[in-house]
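2 protein chains.
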Amino acid sequence: MGINLVLGIDVGGTNTVFGLIDKEGKDYLIDSIPTNRTQPAEDLFVRLFQKYNQRVKELNLEFNLVGIGIGAPNANYYKKTIEYPPNLNWGFVEIEKIIGKFFSQPVALTNDANAAAIGEMYYGAAKGMKDFIVITLGTGLGSGIVVDGNLVYGHDGFAGEIGHTVVFPDGRECGCGKKGCLETYVSAPGIKRTVFELLSKYNYESKLRNLSYSELDAKLITDAALEGDKIALEAFDFTSKILGMKLADAVAHTSPEAIILFGGLANAGDLLIVPTKKYMEEYLFHVFRNKVKILKSELNEGKSAVLGAAALIWHELNKQ
Amino acid sequence: MGINLVLGIDVGGTNTVFGLIDKEGKDYLIDSIPTNRTQPAEDLFVRLFQKYNQRVKELNLEFNLVGIGIGAPNANYYKKTIEYPPNLNWGFVEIEKIIGKFFSQPVALTNDANAAAIGEMYYGAAKGMKDFIVITLGTGLGSGIVVDGNLVYGHDGFAGEIGHTVVFPDGRECGCGKKGCLETYVSAPGIKRTVFELLSKYNYESKLRNLSYSELDAKLITDAALEGDKIALEAFDFTSKILGMKLADAVAHTSPEAIILFGGLANAGDLLIVPTKKYMEEYLFHVFRNKVKILKSELNEGKSAVLGAAALIWHELNKQ
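From first to last, the protein sequence lines stand for chains A and B.
Under the numbering used here, the residues of the first sequence are numbered 1 to 320, in order.
Under the numbering used here, the residues of the second sequence are numbered 321 to 640, in order.
Each hint should be verified, as a subset may be incorrect.
Claimed, not checked - Below, computed lysine-lysine pairings styled on DSSO-like, alpha-carbon distance capped at 27 Å:
| hint | chain 1 | residue 1 | chain 2 | residue 2 |
| --- | --- | --- | --- | --- |
| 1 | A | K230 | A | K127 |
| 2 | B | K613 | A | K179 |
| 3 | B | K499 | A | K130 |
Said to hold, decoys possible - Ranges between beta-carbon positions, derived for each pair:
| hint | chain 1 | residue 1 | chain 2 | residue 2 | range |
| --- | --- | --- | --- | --- | --- |
| 4 | A | E96 | B | P354 | 33 to 41 Å |
| 5 | A | N87 | B | G622 | 51 to 59 Å |
| 6 | A | P169 | B | K613 | 18 to 26 Å |
| 7 | B | K399 | A | S104 | 41 to 49 Å |
| 8 | B | Y522 | A | E298 | 53 to 61 Å |
| 9 | A | E282 | B | L546 | 35 to 43 Å |
| 10 | B | G333 | A | G149 | 29 to 37 Å |
| 11 | A | L59 | B | N324 | 34 to 42 Å |
| 12 | B | Y522 | A | G175 | 43 to 51 Å |
| 13 | A | N87 | B | K521 | 40 to 48 Å |
| 14 | B | Y522 | A | N210 | 25 to 33 Å |
Calculated directly from the structure, the hints in this document are not laboratory data.
A virtual CB, placed ideally from N, CA and C, is assigned to each residue, including glycine.
Construct the complete structure from the given sequences, taking the supplied hints into account.
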């Protein structure tokens with residue numbers, strides 16, 4: 001039989017990463033293939049399992065595959081479907097049926113932020129916690145909410161969309177069609193929009209004045225802030241204020257022990273975490289004050305999504 | 321042995337109601353005593369159990385008391401304590417210890433909005449639902465959030481304070497010390513504050529212009545709205561807009577099947593529910609649209625809190 005391993009798969013807009021992971025989070029194999037977003041979903045999984053089989057042969061390891069965990073955009077945990085993902089030409093895809101053509105093992109599926117939350121609980125900053133929230137800060141703002149040791153899926157499988165709560169009812173246009181959503185302020189594009197607003201408002205000198213909207217990104221804003229650039233620093237302060245305010249709202253819902261920040265913008269570390277914590281405390285209802293930690297993810301960014309996807313299966317098996 | 325019954329107790333600021341309730345929600349005894357808010361907690365329970373014993377003797381019914389469920393302000397489910405309730409001179413009270421002097425049966429304790437949520441799940445509008453939210457609209461706005469069939473307590477036992485999420489960061493003063501909390505807009509005093517804002521803003525004729533701030537209440541505003549008073553109607557519209565917006569935020573957290581409105585202001589019925597539903601849909605992230613019901617409580621208002629408190633025990637026994 002050999003060791004028990006899970007195949008974790010993280011479906012991204014550009015690349016799809018997969019890996020064989022044991023219960024302690026050790027990876028025995030990590031590889032990736034291009035997602036080819038214009039092709040049907042089945043094409044991706046055919047190519048993925050071909051490469052997987054080839055790599056498993058080379059690996060020459062005796063193991064027992066206990067399940068397949070998948071993190072993907074617009075994934076529905078209950079129905080095991082991916083439904084009209086914004087960056088892939090897939091429409092409505094019945095994932096379990098597709099995987100079932102290749103494997104008889106159990107399949108578990110959720111969105112990337114939920115997978116990240118389970119990953120943090122098993123292998124990262126939320127080890128030992130039963131109530132916490134993971135916020136992923138990338139091109140959008142994703143969230144995975146854990147209550148009493150389980151992910152909150154809600155009645156339809158889509159719970160945890162804090163990125164689309166409202167900050168300013170007539171605020172910035174969001175990709176989702178609404179206005180003023182949290183992710184239009186707090187995300188990599190969000191802080192860029194804030195920089196452009198501040199550049200128009202103030203006369204401070206700033207090296208960011210030499211960059212076009214297309215050129216600017218969160219990394220350049222972080223670097224400028226670390227060099228003391230006033231516009232960049234103010235952009236982080238504003239971003240932190242909005243995030244702190246909405247995290248206080250999130251705490252009022254599920255009262256987590258910690259909120260864990262993950263992904264691109266979270267790499268700014270104390271630039272974001274220290275003021276976010278300060279503002280969150282200001283907006284918190286008094287019973288929650290000085291109780292809720294804000295932590296940086298402890299998962300290796302390259303492997304985190306696959307670890308989370310694999311942990312989904314370990315978590316399902318734990319529940320039985 | 322006889323029938324199995326739970327003693328439900330609802331501790332209010334003025335009166336404390338208690339009752340013997342069976343698993344189907346039938347009450348065999350309902351009575352109340354004055355809370356006497358300036359006296360210590362133990363005084364209340366001594367008087368309550370004296371009256372309970374006397375009433376039980378008169379009842380002349382063979383029954384088995386399986387537990388004591390309590391709904392109370394600032395109640396902590398995990399610690400079985402009541403902590404500095406705003407309207408009672410109690411400080412920090414270890415409820416389980418006090419009850420233990422009189423009864424050996426298990427004790428369960430939570431705040432009144434959470435008790436209302438469990439009551440709706442067992443006996444009211446949320447029968448058969450696993451994911452829903454109850455919003456209580458009285459002198460404040462309370463909330464009880466149910467996920468996958470269980471109340472969300474959070475890591476500290478205080479989850480579900482949607483009334484203190486922020487609407488306008490520099491908005492109306494809240495009793496909690498913050499500004500712009502949801503309950504300063506959506507509650508009986510909240511709609512009164514809105515009427516006064518509208519009276520100052522517009523020149524419409526309104527019978528509400530003849531009432532002082534001290535005289536006006538939610539019932540008078542509801543009556544005026546039903547008679548077509550423009551200020552009163554606009555106050556309901558504004559209240560519904562704010563509530564709809566924040567319920568959309570709540571849906572983005574836990575994706576409930578329904579939101580159930582309970583208490584004073586909810587008695588305005590369609591005046592509140594129809595526009596709240598319309599505004600909520602506008603602010604909802606697209607995946608949640610046309611899925612979430614807004615319902616009026618189906619519990620008898622006089623008995624609802626006691627039913628909820630009793631259901632707490634039935635729910636605990638169900639989990640075992």
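Open item on the list: Output the indices of the hints that this structure fails to meet, ascending.
Closed with: Checked against the structure, the hints that fail are numbers 1, 3, 4, 11, 12, 14, while the rest are satisfied.
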